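*Asks:* Turn these sequences into a full structure, and let the hints steer you where they fit.
2 protein chains.
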Amino acid sequence: MATKKVSATLKIPANVPSPEEDSEQLRKAFQGWGTNEGLIISILAHRNEEQRKLIRATYAAIHGEDLLKDLDKELSSDFERAVLLWTLDSAERDAFLVNEATKRLSSNNWVIMEIASTRSSIDLFNVKQAYQARFKRSIEEDVAYHTPGDIRKLLVPLVGTFRYEGDEVNTTLAKSEAKLLHEKIAEKAYNHDDLIRIVTTRSKAQLNATLNHYNNDFGNAIDKDLETNLDDEYLKLLKATIQCLTYPEKYFEELLRMAINKTGTDEWALTRVVTTRAEVDLQRIAEEYQRRNSIPLDRAIANDVSGDYKSMLLALLGHDD
Amino acid sequence: MATKKVSATLKIPANVPSPEEDSEQLRKAFQGWGTNEGLIISILAHRNEEQRKLIRATYAAIHGEDLLKDLDKELSSDFERAVLLWTLDSAERDAFLVNEATKRLSSNNWVIMEIASTRSSIDLFNVKQAYQARFKRSIEEDVAYHTPGDIRKLLVPLVGTFRYEGDEVNTTLAKSEAKLLHEKIAEKAYNHDDLIRIVTTRSKAQLNATLNHYNNDFGNAIDKDLETNLDDEYLKLLKATIQCLTYPEKYFEELLRMAINKTGTDEWALTRVVTTRAEVDLQRIAEEYQRRNSIPLDRAIANDVSGDYKSMLLALLGHDD
Chain A
1 MATKKVSATL KIPANVPSPE EDSEQLRKAF QGWGTNEGLI ISILAHRNEE QRKLIRATYA
61 AIHGEDLLKD LDKELSSDFE RAVLLWTLDS AERDAFLVNE ATKRLSSNNW VIMEIASTRS
121 SIDLFNVKQA YQARFKRSIE EDVAYHTPGD IRKLLVPLVG TFRYEGDEVN TTLAKSEAKL
181 LHEKIAEKAY NHDDLIRIVT TRSKAQLNAT LNHYNNDFGN AIDKDLETNL DDEYLKLLKA
241 TIQCLTYPEK YFEELLRMAI NKTGTDEWAL TRVVTTRAEV DLQRIAEEYQ RRNSIPLDRA
301 IANDVSGDYK SMLLALLGHD D
Chain B
1 MATKKVSATL KIPANVPSPE EDSEQLRKAF QGWGTNEGLI ISILAHRNEE QRKLIRATYA
61 AIHGEDLLKD LDKELSSDFE RAVLLWTLDS AERDAFLVNE ATKRLSSNNW VIMEIASTRS
121 SIDLFNVKQA YQARFKRSIE EDVAYHTPGD IRKLLVPLVG TFRYEGDEVN TTLAKSEAKL
181 LHEKIAEKAY NHDDLIRIVT TRSKAQLNAT LNHYNNDFGN AIDKDLETNL DDEYLKLLKA
241 TIQCLTYPEK YFEELLRMAI NKTGTDEWAL TRVVTTRAEV DLQRIAEEYQ RRNSIPLDRA
301 IANDVSGDYK SMLLALLGHD D
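If you read the protein sequences in the order shown, they are chains A and B. Read left to right, the first sequence gives residues 1 to 321 (the working numbering). Read left to right, the second sequence gives residues 1 to 321 (the working numbering).
Watch out, some of these pointers could steer you wrong.
Identical copies go unnamed one by one, so any copy, or any two together, can satisfy a pair.
What the hints assert, rightly or not - Taking lysine to aspartate or glutamate pairs in the DMTMM-like style, the calculated list, with each CA pair at most 20 Å apart, reads:
| no. | residue 1 | residue 2 |
| --- | --- | --- |
| 1 | Lys73 | Glu287 |
| 2 | Lys153 | Asp194 |
| 3 | Lys136 | Glu24 |
| 4 | Lys103 | Asp194 |
| 5 | Lys136 | Glu168 |
| 6 | Lys136 | Glu165 |
| 7 | Lys136 | Asp167 |
| 8 | Lys224 | Glu100 |
| 9 | Lys184 | Glu267 |
Hints are computed from structural coordinates only; laboratory data are not their basis. Since the structure is predicted, the reported quantities are computational estimates derived from the model, not experimental observations.
*Replies:* This is the structure we're talking about:
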């Protein structure tokens, strides 16, 4: 197995077959009496974004069919969702997830927050373009239309801001905004305009400096001070936003822990984290998981799910088939 | 004079000199006892964005100096501002104008609103990138930090939204949002979340359909209903935002009329409109101006300003030198 991103778990074979070969093999996996799920996993779960894109284009050119539609026909339930999400490019996938999260029956403010807060600025911009191409509306109008009250007040600028990513920090500003945050939190004005402004518009480096001042100057980390009312959906989301912006591995570790420990497993969260992070930082998330739970992430997942779905997730976590 | 955008006023000679020749000529214009302003105008005011970019690059390569800095040294007052703004690319120019508008001494919410509302989505995105490259902060954080209260509530999503530009219209939605707008305006809840959401996030086509329903179903155009209190800065800005989004030529016509009719002329507004629209839609704006004021825009400007500044503006309006 060869080149991969430092923190990705995805494993790609040293000699990757041509997109034509992969397309032929996938077609074979769909033919005959049963579907060959193992073959599908052995191909798709070991190709990077660029390679999967080429396979989709080649498959359409050779077979005159959309690979995603064929996968949809052949597969089912959690395995299907994992394969489909994974096969999409990252921008299309995020656009799909956000759109789903704005619909009444699959409404999920956390997904919107997570995608807006953990993607790079240019990746988020690509999501916006993919969203418009697919849904013929802007991500901003759908998020604004489908979210209520304070949650909207937080999510709209979070999704809207093209955040600066340089590492310059204005220390004077960090001190004054730490003080401002502390005042608002002390007043329990968690939805205050300035608090939301700071969280949703400052660069991650600047926000980090501000939160360090907060911690140093007022004796508590901000997330402790926000833990006052854990039944408040807005407050939980605000706390998670800050975590996503400053310590995303920790956020994803907690999300996985809750998804796995739930009675019945939260497969949607599990699938989302594995498919969206396998090519990015799933290795770091797995390390965080091991540290906190004293069990490797892959083993925890293997204990909790089964079948082709399990094989797919473990393949994305870097297991050989 | 040859090719130009349908609605641009900029005139470019049929045979454009090479960037090397232009750079040499500009250098000559700066040398000797006086500056040759006429020569500067005859070159820069007759080159399009791409050509000016090449001239800047060539000038820097040949003379080891930044053309903008040399212009800054040689020119002064309104003429200088017009030449400098014009010489920048459109994205840099808008980034410069927004930044200036967020500063205390040159604070101007209208400039922010105008740029956020009248540029195409991708042009606004390019402004955001140019802003970050130059100022090492995001446009969103500066706008959010420097604007107060309801004005911030309007401007932040206006600047943030990557608006959809397709012409699909959802008629049911247009009807229901027209009703919602009418209710909020009847209640004088001009800063209501939903009113701001509709104005700042819907596509221009959708917003237009909504405002047509508003007009048909409730008997008044929305701008009439918003004219209740013309001393309210927020309300004036909201009304202008809607105009910029749905009828920008009219907005710019009014802006020019006020700039010209003022005792003492508002040169900043005049320069801004001419330099930012000359390559886009200044022709349409001039037609609007003529229709409303019964005097051609170029003549109105010529009556109101003088000297090199006048020559520069008229050149951008399409006069031969």
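*Asks:* Can you tell me if Lys136 and Glu165 fall within 20 Å by alpha carbon in one copy, between copies, both or neither?
*Replies:* between (29 Å within a copy, 9 Å between copies)
*Asks:* Between Lys136 and Glu168, at a C-alpha cutoff of 20 Å, which is it: within one copy, between copies, both, or neither?
*Replies:* Between. Shortest inter-copy distance 8 Å satisfies the 20 Å Cα cut-off; intra-copy 37 Å does not.
*Asks:* Is the C-alpha distance from Lys224 to Glu100 at most 20 Å within one copy, between copies, in both cases, or in neither?
*Replies:* The answer is neither: 31 Å in one copy and 39 Å across copies each exceed 20 Å.
*Asks:* Is it within a copy, between copies, both, or neither that the alpha carbon of Lys136 lies no farther than 20 Å from that of Asp167?
*Replies:* Close across copies (9 Å), not inside one copy (35 Å); limit 20 Å.
*Asks:* At most 20 Å between C-alpha atoms: does Lys184 with Glu267 qualify within a copy, between copies, both, or neither?
*Replies:* Neither: 37 Å inside a copy, 42 Å across copies.
*Asks:* Please sort Lys153 with Asp194 into within, between, both or neither, judging by C-alpha distance up to 20 Å.
*Replies:* Result: close both inside a copy and across copies, 11 Å intra and 11 Å inter.
*Asks:* Checking Lys136 and Glu24: alpha-carbon separation at most 20 Å within a copy, between copies, both or neither?
*Replies:* Result: close neither inside a copy nor across copies, 33 Å intra and 49 Å inter.
*Asks:* For Lys103 vs Asp194, is the C-alpha pair at or below 20 Å within one copy, between two copies, both, or neither?
*Replies:* Cα proximity of Lys103 and Asp194: across copies only (18 Å, versus 29 Å in one copy).
*Asks:* Using 20 Å as the alpha-carbon threshold, which applies to Lys73 and Glu287: within, between, both, or neither?
*Replies:* neither (36 Å within a copy, 58 Å between copies)
In summary, the structure is inconsistent with hints 1, 3, 8 and 9 from the numbered list given earlier, while agreeing with the others.
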